[in-house]
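Next come the chains, spelled out residue by residue.
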Amino acid sequence: DSGVTQTPKHLITATGQRVTLRCSPRSGDLSVYWYQQSLDQGLQFLIQYYNGEERAKGNILERFSAQQFPDLHSELNLSSLELGDSALYFCASSGRTVGSYNSPLHFGNGTRLTVT
Amino acid sequence: AQKITQTQPGMFVQEKEAVTLDCTYDTSDPSYGLFWYKQPSSGEMIFLIYQGSYDQQNATEGRYSLNFQKARKSANLVISASQLGDSAMYFCAMRRQGAQKLVFGQGTRLTINP
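Residue numbers (the working numbering), protein chains in the order written: chain A, 10 to 125; chain B, 27 to 140.
Treat the hints as calculated values from the structure; they're not laboratory data. Please read all numbers here as calculations on a predicted model, not as lab measurements. Errors might be hidden in some of the hints.
[Said to hold, decoys possible] Not the full set, but computed from the structure, chain A residues with beta-carbon under 10 angstroms of chain B:
no. : residue
1   : 11
2   : 23
3   : 52
4   : 53
5   : 57
6   : 60
7   : 111
8   : 115
9   : 118
Glycine is no exception: its CB is placed at the ideal position from the N, C-alpha and C atoms.
Modelling step: build the complete structure from the supplied sequences, incorporating the hints.
Printed below as a string of structure tokens:
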């Protein structure tokens, strides 16, 4: 058990809809990362928050947004969903030192999103 | 820019044999970390082992070891005495100093045959 909690485990929704994915990091971790894993694109970094502030942005679509709350949990909002958004969405967390290259990311079990 | 290459899309190994999963990386930064993750069919991403760019010794964690060859920019994962439960996707990843994200390779699907 990595200590990172993601809910829900599965989500099935229709095109055009909006969903919210939730993540609670490991106790003591200040950084939260969101990744998207699809069959054709592999693991793609979306966005990172550190102690409530956005720190890095990757290949995140404008239809997607995220935030990290004062209690350090994070939410990823996906709107105007398209079939191509179907993927496994991971949240990961790491320790107190931002930008430290020797800290592994600890991943949650992911949310599998299916857009029909 | 940083790039990770895993050239073996799939590997098949007999149980109890050792297996080496290849990973090469590309970066111009002197300070970086290399990581291996395991993703079983159930989907979770499990951190296995870490190697820092300045580490003189190869990292080991139980049956996992990392064959780090800095001059060749390779960081191969070695699994000794493979078990059926080792069947999974394996991802090599890199993070450089000051960068926020972990960059992943495309993965290698390992199948252990009884």
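Hints broken by the structure, by number, lowest first?
-> Violated: hints 2, 6.
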